[in-house]
Amino acid sequence: PPAWDRASRPPPSPLQPPGLPLAPCRSFSNNKIQVELNESSGVAMMKFKSPPVNSLSLEFLTEFSISLEKLENDRACRGVIITSAVPKIFSSGLDITEMCGKSMEHYTEFWRAVQEMWLRLYGSSMVTVAAVNGSSPAGGCLIALSCDYRIMAENPKFSIGLNEAQLGIVAPFWFKDTFVNVVGHRIAERSLQLGSLHPAPEAHKLGIVDELVPEEKLMEKAAAVMAQWLALPDHARQLTKTMMRKAVLDRLEAHREEDIKNFITFVSKESIQKSLRMYMEMLKKRK
Amino acid sequence: PPAWDRASRPPPSPLQPPGLPLAPCRSFSNNKIQVELNESSGVAMMKFKSPPVNSLSLEFLTEFSISLEKLENDRACRGVIITSAVPKIFSSGLDITEMCGKSMEHYTEFWRAVQEMWLRLYGSSMVTVAAVNGSSPAGGCLIALSCDYRIMAENPKFSIGLNEAQLGIVAPFWFKDTFVNVVGHRIAERSLQLGSLHPAPEAHKLGIVDELVPEEKLMEKAAAVMAQWLALPDHARQLTKTMMRKAVLDRLEAHREEDIKNFITFVSKESIQKSLRMYMEMLKKRK
Amino acid sequence: PPAWDRASRPPPSPLQPPGLPLAPCRSFSNNKIQVELNESSGVAMMKFKSPPVNSLSLEFLTEFSISLEKLENDRACRGVIITSAVPKIFSSGLDITEMCGKSMEHYTEFWRAVQEMWLRLYGSSMVTVAAVNGSSPAGGCLIALSCDYRIMAENPKFSIGLNEAQLGIVAPFWFKDTFVNVVGHRIAERSLQLGSLHPAPEAHKLGIVDELVPEEKLMEKAAAVMAQWLALPDHARQLTKTMMRKAVLDRLEAHREEDIKNFITFVSKESIQKSLRMYMEMLKKRK
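Residue numbers (this note's numbering), protein chains in the order written: chain A, 609 to 895; chain B, 609 to 895; chain C, 609 to 895.
It cannot be assumed that every hint is accurate.
Copies of the same chain look alike in the list, so a pair counts if it fits in one copy or across any two.
[Unchecked claim] Restricting the straight-line Cα-Cα distance to at most 35 Å, the calculated cross-link-like pairs of lysine-lysine (DSBU-like) are: (1) Lys877 / Lys678; (2) Lys869 / Lys829; (3) Lys678 / Lys882; (4) Lys877 / Lys813; (5) Lys854 / Lys892; (6) Lys892 / Lys710.
Keep in mind the hints are simulated off the structure, nothing from the lab.
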């Protein structure tokens with residue numbers, strides 16, 4: 609398991625010139641996600657660094673959940689900005705290799721990790737801002753949708769959406785619930801059925817992301833938005849967030865084992881295995 | 609009951625010139641609805657042809673449900689375009705003569721047929737596209753709202769809406785649920801209370817229809833939209849559609865008998881009978 | 609309790625000049641709310657006149673509920689326009705002095721009065737139009753949201769919103785439900801978490817109010833909107849309104865005592881008492 613790397617925290621400097629804020633930072637040294645907590649602002653930066661496409665493997669998801677848990681339990685942390693360290697991609701979504709030719713035990717473990725990640729992120733008491741600096745299909749889109757606010761680089765080559773239907777698979781009900789909470793029933797119904805990947809300007813128009821900014825302004829904007837949200841007293845904001853999201857979180861909690869069984873039944877079908885293998889072949893050829 | 613008219617299917621022609629696609633068609637010969645299935649595209653065209661206003665009589669509703677069932681069970685059919693063969697009107701909604709001065713048994717049979725039509729259409733596993741080429745009040749609007757996509761002729765003289773309240777009657781809860789799923793709670797609340805009939809441009813702005821096109825481009829556009837939806841693998845699209853619509857479908861299924869009783873109680877009131885008779889008189893004078 | 613002041617009703621005048629409509633009016637003589645019912649139009653005008661800011665004290669809420677009940681039971685009354693007689697403010701929301709340093713019994717009585725007001729207003733069978741002629745935070749916003757239609761003076765200095773989170777408190781679930789029914793889940797989630805007070809133009813853009821008009825046209829517009837809604841037959845409109853709002857009304861009815869307990873627990877906390885006292889100090893200094 610990843611551990612706090614307290615060594616990276618700069619020692620207090622008596623020579624700190626006035627006006628230059630001392631920024632005491634703690635960072636995690638992880639394999640796939642880099643986390644840096646600025647203790648003076650209370651804001652952590654989470655950067656996905658799992659090239660080539662930040663796919664959500666079991667290892668990635670586990671690191672993600674553990675990182676969120678650590679930050680959640682750290683009184684110095686009040687908000688998280690989530691972004692990618694890999695150019696042009698935020699996250700490509702669930703790692704298909706985890707769903708191909710593996711054992712039932714593996715599928716169970718994998719799906720539980722997907723659920724766990726979402727329960728922690730959607731239910732986080734911290735302010736969560738997604739700085740979407742690349743394409744973000746399927747599970748990548750879910751991560752963005754689960755944050756409190758979404759800013760996307762205005763590059764029309766970047767797209768975002770729950771495109772599962774394109775691959776012949778179905779987004780789980782809690783992906784759908786999260787999507788409906790953001791864009792409403794009609795837009796979700798159409799987008800999910802078509803498995804649409806929306807270019808950034810269209811995603812903004814549909815309300816999938818809250819704001820578009822030039823790529824070079826993305827982190828600056830994310831920090832400004834975070835400051836605006838952190839201006840509120842934590843306790844009232846957290847209770848309000850819980851009130852808004854509880855129904856949808858409770859629904860997965862209540863049907864978690866059933867949802868795992870559904871996933872296993874689905875992914876075990878020969879037809880699904882075949883289409884996933886074909887999709888992987890296609891991805892390999894693209895490289 | 610209407611029957612497949614397989615005689616209309618063109619025989620395979622060995623002389624078919626290259627480039628001109630053979631379009632094997634099967635059509636129903638019905639009284640009120642004309643159905644033509646293009647077996648090469650998998651798309652059926654349903655045309656309401658019950659002049660003067662395609663009102664939803666018991667006979668019309670029965671034909672509609674049977675036609676949908678046949679297409680649903682036909683492996684050659686993947687999508688349906690629904691439109692009108694009567695100029696200027698898509699459908700005027702429920703046939704008021706079925707609700708005036710009839711027996712309890714008749715009201716029961718009629719209302720069950722209305723429910724049946726909606727359950728089949730809203731729950732259809734086929735792609736359903738409404739090509740709204742005329743006005744579409746009340747039950748006519750419900751048919752459009754129950755499809756996967758709505759294209760309307762951009763003629764501002766054509767209007768659409770659930771205008772039941774204007775006639776002194778109340779849209780059933782499942783009309784309301786369908787409406788809310790398309791336009792959201794606020795727009796539905798206001799439009800239903802006012803019994804609004806929205807001219808095409810306003811209907812588009814409110815999200816009641818997805819797209820406006822010049823009348824002469826309507827069928828072309830409907831075919832293009834259908835092709836886009838049929839590009840998706842059926843199975844994943846169908847499961848996704850079910851996931852989005854199941855809650856609302858289940859609600860009527862669970863309360864079907866109660867809903868019939870409500871209708872009978874309501875329609876049996878002397879005050880309601882009186883206002884329906886007045887409305888019919890007004891319609892007769894208009895002609 | 610306030611009583612009908614039938615003395616203010618003008619006697620029928622045989623000398624009434626033609627063209628000048630006789631407007632038989634009845635008015636309540638209350639302390640905090642002025643009510644005038646025009647019997648010929650069936651429209652009552654309710655004006656909040658509790659300077660400086662029309663705060664919702666126990667006395668104000670009680671008068672409000674009693675006034676609504678009287679109008680509801682008066683066959684001559686079909687609609688109510690709600691506005692303020694105090695310049696620049698519609699209502700400042702719940703009276704904080706009722707929540708500070710009082711007994712459990714008082715908190716219980718106060719909260720029950722807040723619930724009662726909302727249950728009567730949101731569930732009213734009359735047409736309710738809010739003519740928002742000033743700022744309208746928190747409980748003031750709830751009153752506007754609970755009406756059938758909201759018109760706001762287009763002055764950008766006037767703002768509206770459920771800003772409870774700014775004061776370190778949490779809007780109750782039924783404030784949230786009412787808000788979600790008007791603006792949808794996403795806008796409500798963001799606005800409630802940030803405790804936003806939206807200037808009139810932004811409130812209009814978000815759908816919090818239906819229309820903006822110049823301040824001097826506000827009452828004229830409210831009367832025109834009311835006439836449009838009253839053109840519908842009452843019975844069908846009322847049943848439709850109930851169908852749209854019942855789920856949310858029932859939710860409070862079912863959890864009313866629990867909601868009172870939650871309020872008392874919350875408001876009794878020393879930290880909450882402290883922040884409310886600080887807020888009151890700030891308000892006093894402003895004057």
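Against the structure, the hints:
no.	hint	result
1	Lys877 / Lys678	between (37 Å within a copy, 29 Å between copies)
2	Lys869 / Lys829	neither (41 Å within a copy, 41 Å between copies)
3	Lys678 / Lys882	between (39 Å within a copy, 31 Å between copies)
4	Lys877 / Lys813	neither (37 Å within a copy, 43 Å between copies)
5	Lys854 / Lys892	neither (40 Å within a copy, 38 Å between copies)
6	Lys892 / Lys710	within (19 Å within a copy, 68 Å between copies)
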